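> Here's the letter readout for the chains.
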Amino acid sequence: MSTKMPLVKALNEGLRRTLEDHPKSLIQGEDVGKLGGVFRVTDGLQKDFGEDRVVDSPLAEAGIVGTAIGLAIRGWRPVCEIQFDGFVYPAFNEIVSQLAKMPYRSSGLVSLPVVIRIPYGGGIGAIEHHCESPEAYFCHTAGLRVVAPSTPNDAYWMIQQAVSSDDPVIFMEPKVRYHTKGEVNFDAAPLPLHSAQVVREGTDGTLIAYGAMVQVALDAAEAAAEDGRSLEVIDMRSLSPIDWPTLEASARKTGRVVVVHEASRSFSVSSEVAARLSEECFYSLEAPVQRVTGFDIPFPASRHEDLFRPDLDRVLEAVDRSFDY
Amino acid sequence: MGTGEKTSPGPVKKTATRRRKTTPRKSATASDGLDYVQLLTPEGKRVKHPDFDISLSEDEFRALYRDLIIARRIDSEGVALQRQGQLGLWPSLLGQEAAQIGSAHALAEQDMVFPSYRELGVLWARGVDPVTPFALFRGVNMGPLDSVKEKFHMYTVVIPAQTMHATGYAMGIVKEGKLGTPDGEAVITYHGDGATAQGEFNEALIWAGVNAAPVVFFCQNNQYAISESNHHQFRVPVHKRAAGFGMPGHFVDGNDVLGTYAVTKHAIEAARSGEGPSIIEAYTYRMGAHTTADDPTRYRDKAEEEAWRAKDPISRYQTYLLNEKIIDQDYLEKLDSEVDTIALQLRERVINLPNPKPDAMFEGLYNDPHATVDQQRAQLAEYLASFEGSDA
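As you go down the protein sequences, you meet chains V and R in turn.
Reminder that position 46 of the first sequence reads as 46 in full-length UniProt numbering, one-by-one numbering, no gaps.
Reminder that position 239 of the second sequence reads as 239 in full-length UniProt numbering, one-by-one numbering, no gaps.
Derived from the structure by calculation, the hints contain no laboratory data.
Computed from a prediction, not measured in an experiment: that's the story for all the values here.
There may be inaccurate statements among the hints.
Claimed, not checked - With a Cα cut of at most 27 Å, we get these calculated DSSO-like pairs of lysine-lysine:
#	chain 1	residue 1	chain 2	residue 2
1	V	K101	R	K325
2	R	K357	V	K24
3	V	K101	R	K149
4	V	K101	R	K151
5	R	K151	V	K47
6	R	K325	V	K47
7	R	K175	V	K47
8	V	K24	R	K175
Starting from the given sequences, assemble the full structure and let the hints guide the process.
Below you can see the structure in the form of structure tokens.
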């Protein structure tokens, strides 16, 4: 069965199925109950699963994650909602020092199957702290897994896979895509959680993106095709671990790579992708790996966000640079 | 020792005789002038408290004493082994034995403990292998424990993250309805006076309060957060802040093993029966350094240490037990010999802890395969194997 729905609804359906499948799963966060979350991702879930499974929490991010750790030690599978990307930092200590490290410290005796959902990225005209891309902090932290769906189908399946994982998962939701519709196939077996996906085949170059930037890359590939360039597009889907075989195979095949993301450039996911592809695919590359990213500034005021966020033209310009070598 | 609302010990007043003639009050004054619960004076005299009393068998009295002695002895092994270069660091509990052993003995088997990093006495009383913290401070591993099986969580170094985990665990107890029944469960978490300044500690209290979580916050106020004394940490002591979080706050002589036992028993049973969280402030003193890397002579004077030495938790309890004829010299000698054996065996085990295999560095990080880490693990193995004669 396949149904067209917006990403926010797909997440909602995925969480609903999670709550059904795992009796000891629960959702906790600010406003997730009666309000259904500020983006309505948890809409109606408290009504159907009760206040013990869909828990309105105090306004305290460290508490959301810290108590989730205690619940997980006791055998629960908490899904934490952080309301906005820029609000995750009060919980940073609990995430990087406790959630990420505790299983390691226990030599694997303690598992923490905690999911932390973070609506991330710009494009919605919001004020400061509401449009950030903090994924690199978490990718840099051993013990965490970091994923970012870009489509409703992936959102539906990946949230379930994240909750089923016995490891902590940071689940980055591209908020600008919440209301973008797509087909969700409720029956077809999904890709493994940490697989990248070639979402458009090509031969002349590769665009690598994740989250909201996958659509920008697809649009750029479409435009490049009109100029006679065949670009492959890869949706990374997983940022830690990265599906290197898929990325490296494409780099070897096309010889040119452009990485696209909204996060600031330095020490970012694209830093890692560029470095690794240079190490592993040096003799196959026709040009240095190009990057199209946010600038190394805080996410700017919303009147600037269209300049900050990579768009089709910036991607095409980077493709041109790649072909200049 | 500071001013204002903080719990200054003040001059020592011997008011026990006069108190007996008065009607028991809610807030009794202990023999040393503090308004805390005290059942045993520094001189080893048993006193009554209107709200807290105990009923222990002679075996239970002796069990408390035995664990006090063992905790102190194992702790001194820790300090000695660090001085001998066998451990990288040791956080001594010297002076805090009564707070730890009294409270630990008040727990039921099914109750869960979330410690900080100085709770060797609690660990011992819970039956956890004492080599665990030694391995941690020797750097052999990270002190792994199966928390739920042991009913004792791993040490937590970042202050006071464990209060958060304890609260979450206790919230799970509420969700599972394991309250107010014979197999009801409760949680105790240990922290210091320094922890009470942290934001996360205050969040833990908020969460515990609004969720009526069965968790007891046991503050060992040992007067110093490394070098910072109480007046650097707070204006209002933690037991008085409890009301603001919607829970009872208890204040107990932390060097009185009977007092800490009685107060903890009350608090943990209240939690287990569904009455929600509470705070216990055990007023005590860290006689040693914060850790072996610390130099307390820089920030506190001898007179203060001597004043606290006079309140020693073990000597007062020994005096009481000898006076009551619950123990005698023969018992003490036998115990000494037993504790010698425990200490010797532990020392040998610690010194003989094998160095971990290189590969062990990668263990336990993830449950599911993580391609990047697995690749690095293989790369290290390959690199080590490249050395001729390597046994890696």
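> Check each numbered hint from earlier against the structure, then list the numbers of those it violates in ascending order.
1, 2, 5, 6
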